[in-house]
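Colleague: Letter by letter, the chains look like this.
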Amino acid sequence: MGNAKQTFYGHTPGLVPGSVVYVGKKSTSDLFIEVFNYNKESYDEKELKNIEEAYSFIDSKPITWININGLNHIETIEKLGNHCNLHPLILEDIVNTQQRPKIDEYDDYLFVVLKMLYFNENGELSIEHISFVLGNGFVISFQESDGDVFDSIRNRIRNNKGRIRSMGSDYLLYALMDAIVDNYFNLIEVMGDKIEELEDDLFENKQNDNITYQIQGLKKEILKIRRAVFPLREVVNRIEKSEHKLISKKIRLYLRDLYDHIIQVSENIEIYRDMIWGLMDMYMTTISNKMNEVMKVLTIIATIFIPLTFIAGIYGMNFENIPELQFKYGYFVLWGVMIFIFVGLIYFFKRKKWL
Amino acid sequence: MGNAKQTFYGHTPGLVPGSVVYVGKKSTSDLFIEVFNYNKESYDEKELKNIEEAYSFIDSKPITWININGLNHIETIEKLGNHCNLHPLILEDIVNTQQRPKIDEYDDYLFVVLKMLYFNENGELSIEHISFVLGNGFVISFQESDGDVFDSIRNRIRNNKGRIRSMGSDYLLYALMDAIVDNYFNLIEVMGDKIEELEDDLFENKQNDNITYQIQGLKKEILKIRRAVFPLREVVNRIEKSEHKLISKKIRLYLRDLYDHIIQVSENIEIYRDMIWGLMDMYMTTISNKMNEVMKVLTIIATIFIPLTFIAGIYGMNFENIPELQFKYGYFVLWGVMIFIFVGLIYFFKRKKWL
Amino acid sequence: MGNAKQTFYGHTPGLVPGSVVYVGKKSTSDLFIEVFNYNKESYDEKELKNIEEAYSFIDSKPITWININGLNHIETIEKLGNHCNLHPLILEDIVNTQQRPKIDEYDDYLFVVLKMLYFNENGELSIEHISFVLGNGFVISFQESDGDVFDSIRNRIRNNKGRIRSMGSDYLLYALMDAIVDNYFNLIEVMGDKIEELEDDLFENKQNDNITYQIQGLKKEILKIRRAVFPLREVVNRIEKSEHKLISKKIRLYLRDLYDHIIQVSENIEIYRDMIWGLMDMYMTTISNKMNEVMKVLTIIATIFIPLTFIAGIYGMNFENIPELQFKYGYFVLWGVMIFIFVGLIYFFKRKKWL
Amino acid sequence: MGNAKQTFYGHTPGLVPGSVVYVGKKSTSDLFIEVFNYNKESYDEKELKNIEEAYSFIDSKPITWININGLNHIETIEKLGNHCNLHPLILEDIVNTQQRPKIDEYDDYLFVVLKMLYFNENGELSIEHISFVLGNGFVISFQESDGDVFDSIRNRIRNNKGRIRSMGSDYLLYALMDAIVDNYFNLIEVMGDKIEELEDDLFENKQNDNITYQIQGLKKEILKIRRAVFPLREVVNRIEKSEHKLISKKIRLYLRDLYDHIIQVSENIEIYRDMIWGLMDMYMTTISNKMNEVMKVLTIIATIFIPLTFIAGIYGMNFENIPELQFKYGYFVLWGVMIFIFVGLIYFFKRKKWL
Amino acid sequence: MGNAKQTFYGHTPGLVPGSVVYVGKKSTSDLFIEVFNYNKESYDEKELKNIEEAYSFIDSKPITWININGLNHIETIEKLGNHCNLHPLILEDIVNTQQRPKIDEYDDYLFVVLKMLYFNENGELSIEHISFVLGNGFVISFQESDGDVFDSIRNRIRNNKGRIRSMGSDYLLYALMDAIVDNYFNLIEVMGDKIEELEDDLFENKQNDNITYQIQGLKKEILKIRRAVFPLREVVNRIEKSEHKLISKKIRLYLRDLYDHIIQVSENIEIYRDMIWGLMDMYMTTISNKMNEVMKVLTIIATIFIPLTFIAGIYGMNFENIPELQFKYGYFVLWGVMIFIFVGLIYFFKRKKWL
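Residue numbers (the working numbering), protein chains in the order written: chain A, 1 to 355; chain B, 1 to 355; chain C, 1 to 355; chain D, 1 to 355; chain E, 1 to 355.
Don't read these hints as lab results, they were simulated from the structure. From a predicted model like this one, the values you see are computed outputs, not experimental measurements. Just so you know, nobody snuck in bad clues.
For identical chains, the list gives no copy identity; a pair is met inside one copy or between any two copies.
Below, computed lysine to aspartate or glutamate pairings styled on DMTMM-like, alpha-carbon distance capped at 20 Å:
1. K49 with D30
2. K79 with E34
3. K353 with D201
4. K350 with E204
5. K161 with E92
6. K352 with D201
7. K250 with E92
8. K224 with E267
Can you make the complete structure from the sequences, with help from the hints?
Modeller: Structure representation (structure tokens):
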């Protein structure tokens with residue numbers, strides 16, 4: 001729940017605008033800096049100890065990707081920011097994990113904020129803040145902590161697979177964003193499984209007191225995902241339409257494709273939203289149906305035995321003059337009457353389809 | 001359900017953008033290539049063994065329609081793509097059955113993605129991915145598997161019915177899309193029948209434990225249809241408004257007409273959506289009404305016999321001094337009292353309209 | 001229900017675009033052609049036997065209104081279409097009763113499709129397809145069958161009432177459309193009456209098993225009306241804004257007025273929609289209230305008599321040593337106790353406001 | 001209810017467009033004409049007997065306000081219309097009480113329709129039709145009947161309070177509209193009181209069979225108010241944005257302010273709408289809670305006494321050999337057992353929080 | 001509740017437009033005037049006794065911030081307004097606490113209205129009206145009463161922290177607005193806590209009769225917050241886009257950032273709105289589940305003991321000839337039968353998962 005709070009409320013109030021304060025899980029995740037430096041012919045991959053080593057890569061000609069894990073290492077980020085001449089508000093947004101997806105265009109670079117989504121080992125939805133700075137010939141990515149979805153891109157650079165090595169830094173940015181969006185499809189698939197599981201539980205009438213809370217939980221998750229994904233549509237659209245010098249014309253088609261994928265994710269989210277809301281209705285009818293069943297059992301039992309008990313009560317009375325009591329086979333006749341009533345009521349319930 | 005997954009989640013994550021990977025039912029449907037080559041005076045129809053035979057048709061003057069079934073034959077599609085100089089992202093979209101309907105304009109061709117919808121033999125909604133490439137003098141269609149809705153067009157070409165033989169390749173594209181949209185009307189009609197059937201079930205109070213799941217199923221189907229049809233509005237609208245050299249002016253009227261049909265389908269979908277959501281409410285009232293009926297039976301029986309049983313209990317007590325027990329006709333008087341109470345309660349229930 | 005189908009699904013799939021096939025009630029309604037020919041000074045009214053007689057009127061100078069009833073007489077319509085040089089898609093739309101309201105502008109004429117709505121003798125909503133062709137100096141109207149809302153216009157032409165005789169063919173088109181829209185107000189009024197009737201039924205707790213179906217029926221009707229009326233807003237707006245040579249400037253004010261009326265109808269439809277959806281909620285609370293009442297009766301009876309029966313049961317036991325049984329007035333004391341309990345419970349229920 | 005009809009359906013169908021027919025309460029309210037004639041230095045106030053007296057005021061220089069009560073005096077309105085050269089459609093709208101709020105710009109005047117809203121002496125919502133004609137140096141207001149919200153304006157003119165006497169006729173129009181909108185705030189306040197009253201009723205569980213109908217009634221009222229107020233936003237916005245010669249630049253700020261007020265009213269309406277819809281949900285939970293309470297009483301009583309009665313029944317049996325019956329203190333032991341069961345069940349219910 | 005009214009209805013009707021009447025809590029809060037006067041090198045802080053002392057500061061060169069608490073001191077505000085040449089409508093809006101957030105651009109100043117939101121000591125939502133006048137070199141803020149969220153800004157001025165001392169008056173305005181928006185995040189966090197608390201209450205089935213009213217209360221609060229926050233989006237957007245001479249270009253980035261924060265707050269509000277509405281559904285299922293539980297207890301008890309009581313009743317009958325009664329071990333056999341029935345029913349309920 002603490003996690004939920006962190007994600008929903010975001011933002012530490014009372015700060016000087018532009019102050020670089022890490023707002024996140026406050027975990028002391030180690031600083032990790034890796035650099036990929038490549039062009040069509042060759043590539044270079046290094047893990048750096050401190051950020052100053054990266055400066056030469058940024059300033060050198062071929063395409064450079066600097067990936068920094070650990071947003072709590074503010075000093076490092078500030079140093080890099082100063083070297084690259086980044087606006088203070090950008091540095092604030094890099095470490096403010098509550099910042100929603102957005103794109104800011106500056107004269108010399110593009111700044112993009114996204115959310116990496118995954119279900120963690122406890123099955124809870126985790127939202128990781130990630131930001132990219134696209135400069136002339138380089139992309140810098142800032143991640144909250146270890147673990148990402150970029151291995152396929154690392155491999156493509158290493159093995160010169162696909163177009164990546166022959167394209168510019170704008171393609172690299174596209175590829176990184178595409179990897180994140182691709183991962184949303186996995187997420188969506190898990191959501192779909194969860195919904196189907198709940199539907200099956202409902203269908204099999206599994207007694208599950210928490211079902212309301214599971215549904216409410218799903219609602220929250222889909223709302224969070226929505227909030228992380230929906231602004232992306234505008235972000236990618238704006239990059240595509242942008243006239244920025246760092247975005248080349250031939251990258252547009254790819255961005256259009258990325259946009260299509262985001263729309264696809266968004267549509268699925270909306271469909272799941274509708275279906276989750278529908279689950280509550282399903283649950284209500286399930287409850288009502290169960291109650292109906294309970295009531296029917298009660299009514300059948302009561303309707304059969306209450307009249308019979310009454311009859312037995314009649315002949316349990318102590319009036320001095322009850323002629324039937326003296327009849328030799330009175331008791332057996334009465335049994336006959338009772339069985340007749342019993343069968344009649346069973347038939348009545350059968351016809352009403354209660355049995 | 002596996003089918004549902006396939007349709008909703010789509011997209012295989014982790015691929016290099018532009019890589020041509022068939023994402024679909026993975027069935028090993030046979031490759032089937034047919035060619036129609038026609039102009040006003042004559043026509044030619046052929047089934048091809050391999051795609052290279054088709055090249056000459058594409059390059060020749062009259063209108064050519066090449067129809068390819070079997071998206072799993074990626075090699076064939078890539079060969080054709082290379083011959084026609086198609087962008088890699090297009091090839092990716094041709095075989096990615098999860099791609100939503102869209103239109104991409106390139107300098108030398110138009111690329112259109114649609115969905116063919118039908119209920120398969122199990123009564124489940126099937127969504128088949130279909131894409132068209134409109135080039136100068138030719139249309140290439142790519143279908144997921146056998147079976148389509150284009151027989152009427154084949155016949156019109158063969159028999160020179162209507163305008164098709166005297167029009168260009170843009171009219172052919174229109175005619176193919178029109179055939180698909182026409183088929184949506186059939187689909188919509190089946191949905192309408194399903195809804196009415198459920199309504200009738202509800203009306204006749206048919207005991208049907210699965211009704212909630214049938215309604216949820218309808219919801220899912222209508223959401224899927226919606227997702228396949230709604231983007232088409234923009235697609236057709238963009239083709240109509242397009243200034244592309246392959247779209248002639250006189251085709252606009254037809255596209256406008258097609259657009260009208262899609263709007264009509266969309267409106268019906270929205271109406272059915274409203275009605276399906278309404279079904280859940282109807283079901284809830286039906287359940288509540290049934291429970292009311294059950295409760296009434298219980299209440300009537302209990303209200304009549306519990307007081308009578310009490311009276312019988314009174315005279316079953318063993319007090320030494322209960323004067324009534326000695327009365328000669330006490331038993332019969334008591335019966336009178338009981339019948340009076342019985343009749344009175346029946347009257348009470350009649351007045352309350354419970355009987 | 002068959003009617004519902006016809007209205008919702010519309011469109012016969014598999015036809016060659018532009019083919020003139022009557023899609024409607026297939027009734028063999030007789031062909032009826034009437035012509036009004038008028039100018040400021042004089043007017044002429046005729047009933048024609050065949051369509052060829054109408055040609056001279058169309059070509060002559062004064063304003064001409066040709067009204068044709070019977071969309072199943074396709075040949076006649078095609079002949080007229082050929083004479084007036086109408087586009088094949090227009091002819092298709094004239095006889096396709098499923099076509100939604102629309103306006104198509106051609107160089108030499110305007111084509112408008114509308115829906116005439118009324119409740120037929122069975123109280124069912126009927127939707128009649130009507131289309132207008134506005135040409136230079138003439139208006140042709142095509143109706144599905146006999147009976148329309150144009151009598152007021154006929155009279156205004158005959159008696160030279162209002163402006164109609166001194167205005168052009170655009171005013172005639174406006175007047176015809178205005179007559180149809182005026183009639184929507186009647187329709188809306190009937191819908192309002194139906195809603196109020198249902199509300200009253202609910203209020204008086206009339207036992208009516210079909211109420212859910214009546215509400216669902218109302219929903220369908222309002223959705224159909226909505227679908228027939230809402231597109232009209234755009235239609236009229238487009239005529240008003242149109243720069244077409246057949247629409248004179250001074251007609252704009254009248255079209256603006258017509259537009260206002262359609263907005264008014266639309267608003268009423270939305271209000272009724274909200275109210276119909278609210279009816280379902282009302283019905284649910286009504287059901288729940290009834291069940292509450294039933295439960296109270298049961299609870300009161302059971303709560304009073306079950307304890308009393310228990311007491312009677314106690315003294316019906318056959319223990320040898322039950323001192324109370326020997327007390328001379330034990331029986332009467334017990335009655336006192338029972339009456340005390342009875343009164344106490346009645347008081348308890350009064351306080352709980354259950355009685 | 002008749003009132004509801006009048007307000008919802010409006011419009012008398014079948015009329016010649018532009019025909020001046022009073023569509024309203026048909027009450028024979030007396031004709032009342034008053035004239036205010038003022039400039040910075042002086043003012044003049046008169047009550048007129050017939051409309052011809054007003055002509056000189058209209059044509060004279062200083063600002064003139066002519067207020068006419070009684071829309072059923074059609075002749076008078078037509079005379080005035082002819083004198084001022086008003087378009088027939090305007091005259092139709094002045095007397096058509098069903099016309100929604102709108103603004104029409106003509107070359108020489110502006111025509112504005114509004115709705116005056118108040119709760120009448122029966123607590124029913126009354127909607128009064130009011131229209132303004134703004135001409136060069138004069139404003140004419142047409143009211144349905146006596147009683148309005150303009151007394152503050154009359155006083156400001158008389159006492160030369162505020163800016164009104166030094167401003168033009170456009171300011172007068174603004175002031176009149178502002179007075180009407182100001183009154184909406186009172187209305188909104190009454191709606192708020194009604195909602196709170198219903199909430200309190202629900203809270204105190206007041207047995208009120210009509211609560212559903214009161215909620216439905218509130219829904220209707222808020223929908224009516226909405227319909228009267230919402231179009232005003234566009235009306236005022238259009239006046240503000242208008243380049244009409246009668247609207248001076250310095251009036252814009254005031255119109256912007258008026259627009260703000262209308263937005264404020266609209267927002268409140270939307271909030272109340274949400275809250276009224278929420279009332280129905282509250283009511284449903286209230287009903288369900290009550291039923292829960294009823295069921296608990298029944299269950300407690302039945303669960304306690306049914307087993308005890310069974311035990312008493314056991315020892316009421318007439319078997320010859322029931323050893324317990326001969327035990328000297330059997331009866332008292334049994335009482336002990338029964339009290340033990342009783343106390344145990346009470347404890348059970350306490351733990352379940354049913355008591 | 002009086003508070004609620006004040007906030008929802010706002011506006012005192014019947015006033016002359018532009019009249020400065022304080023519409024608020026009417027508390028006699030003391031007048032408090034403070035002045036900050038600063039530039040890069042130095043700053044000056046003073047508390048003033050009367051407003052005339054402030055004039056010199058406004059007219060002097062460096063940046064001046066005048067903060068006035070106490071909107072009921074109308075005279076003071078009018079004096080200042082006259083000195084600064086503020087439009088009468090602005091003065092009206094400054095003291096009209098019901099005015100919604102807005103921005104008005106005048107030639108020489110910008111006027112901004114906002115709402116300061118906090119939960120007061122009673123846990124009720126308080127909405128405080130605050131307005132800013134941005135002039136050339138100064139910002140004047142008008143607050144309803146003591147206590148604000150500007151302490152961080154005061155400190156930044158005093159200690160020359162951040163950029164504030166080296167920026168212009170537009171930055172000061174931005175900083176003040178940013179402080180208010182920052183505070184919204186706290187508010188949102190409290191709302192989130194309240195929602196989670198209610199969810200926990202529902203989860204733990206805490207018997208809480210007021211839960212409906214608490215949910216309705218949350219609805220009202222979120223609607224009020226929404227109403228105070230949503231218009232801000234347009235306000236900030238308009239300032240950012242404004243070409244006003246008082247807004248310098250380099251401030252745009254900061255305003256964009258502020259806009260982002262408001263969007264973030266708005267999104268959270270929408271999510272909470274959805275979740276609060278969901279609470280009602282959760283509550284309904286909770287109630288229904290409880291009723292189900294109650295009904296099960298009743299049904300189990302009744303279903304077990306009613307048949308057993310019937311059997312006991314049979315052998316309590318006084319027929320002369322009931323053979324079983326003479327059987328020596330009849331009584332014990334019967335006990336066996338009864339225990340068998342008992343166990344059988346328990347097993348039946350276990351299988352139905354009711355136990």
